[in-house]
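Based on the provided sequences and hints, a complete structural model is requested.
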Amino acid sequence: MATGRPASLLALALLGGCAAWQDAPRLAFQCPRELRFEARLYQDMALLEGLRGHAVLERVADADGTLRYADPTVQARFGLGLDGRLARLDYTGIPEPVYCEHQPGAEAPAVRATARPGPRPPPPRPDPNAPVQTNIRQGDGNNGPG
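The opening residue of the sequence shown carries number 26 in the working numbering; numbering runs sequentially from there.
Derived by calculation from the structure, the hints in this document are not laboratory data. Fair warning: this is a prediction, and the values are worked out from it, not measured in the lab. Heads up, some of the hints might be wrong.
As the list claims (entries may be wrong) - Here are the simulated distance ranges between beta carbons:
(1) 119 to 86: 23 to 29 angstroms
(2) 53 to 161: 56 to 62 angstroms
(3) 119 to 89: 22 to 28 angstroms
(4) 135 to 156: 50 to 56 angstroms
(5) 60 to 141: 27 to 33 angstroms
(6) 155 to 117: 33 to 39 angstroms
Ideal placement from N, C-alpha and C gives every residue a C-beta, glycine not left out.
Written out as structure tokens, the structure is:
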């Protein structure tokens with residue numbers, strides 16, 4: 026009976042730790058022509074989700090510390106404007122930039138990167154049919170002692 030209490034306290038502490046490990050907040054943006062998307066900004070990447078699908082943009086190193094992310098099709102900058110609510114999207118196939126505005130809600134977070142790396146997929150599993158190098162020799166060699 027005495028061991029049940031410390032175990033329950035440990036379980037509560039672990040659950041509290043899991044609650045502290047939160048994902049980046051979803052930032053809702055409104056663009057011209059009723060286009061909308063949500064962004065999650067991390068130290069090293071941005072995840073964008075919209076009507077046209079899902080995009081993963083890598084963080085671009087910048088001297089002035091702006092929130093710049095890019096992939097081969099789009100470059101995105103966040104936190105622009107006087108109050109930091111604008112985002113600029115530069116698509117490779119569109120000559121003019123698209124400006125979008127962060128839509129604040131009742132509890133809308135500020136536009137900034139979460140202080141942790143973004144989620145990465147696990148490494149691929151090894152090919153089960155790939156050749157494996159071993160130290161076992163087969164053939165006509167002298168495999169006997171001495």
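Q.
Given a hint of 56 to 62 angstroms, does the C-beta separation of residue 53 and residue 161 actually sit inside it?
A. holds, 60 angstroms
Q: Can you let me know if the beta-carbon spacing of residue 155 and residue 117 is within 33 to 39 angstroms?
A: holds, 36 angstroms
Q. Okay, residue 135 versus residue 156 on CB: inside 50 to 56 angstroms?
A. Hint holds: Cβ distance 53 angstroms, inside 50 to 56 angstroms.
Q. Measuring from beta carbon to beta carbon, are residue 119 and residue 89 in 22 to 28 angstroms?
A. holds, 25 angstroms
Q) Quick one: are residue 60 and residue 141 within 27 to 33 angstroms, going by C-beta? A) holds, 29 angstroms
Q: Could you see if the CB distance from residue 119 to residue 86 stays within 23 to 29 angstroms?
A: Check passed, 25 angstroms falls within 23 to 29 angstroms.
Of the numbered hints stated above, none is contradicted by the structure.
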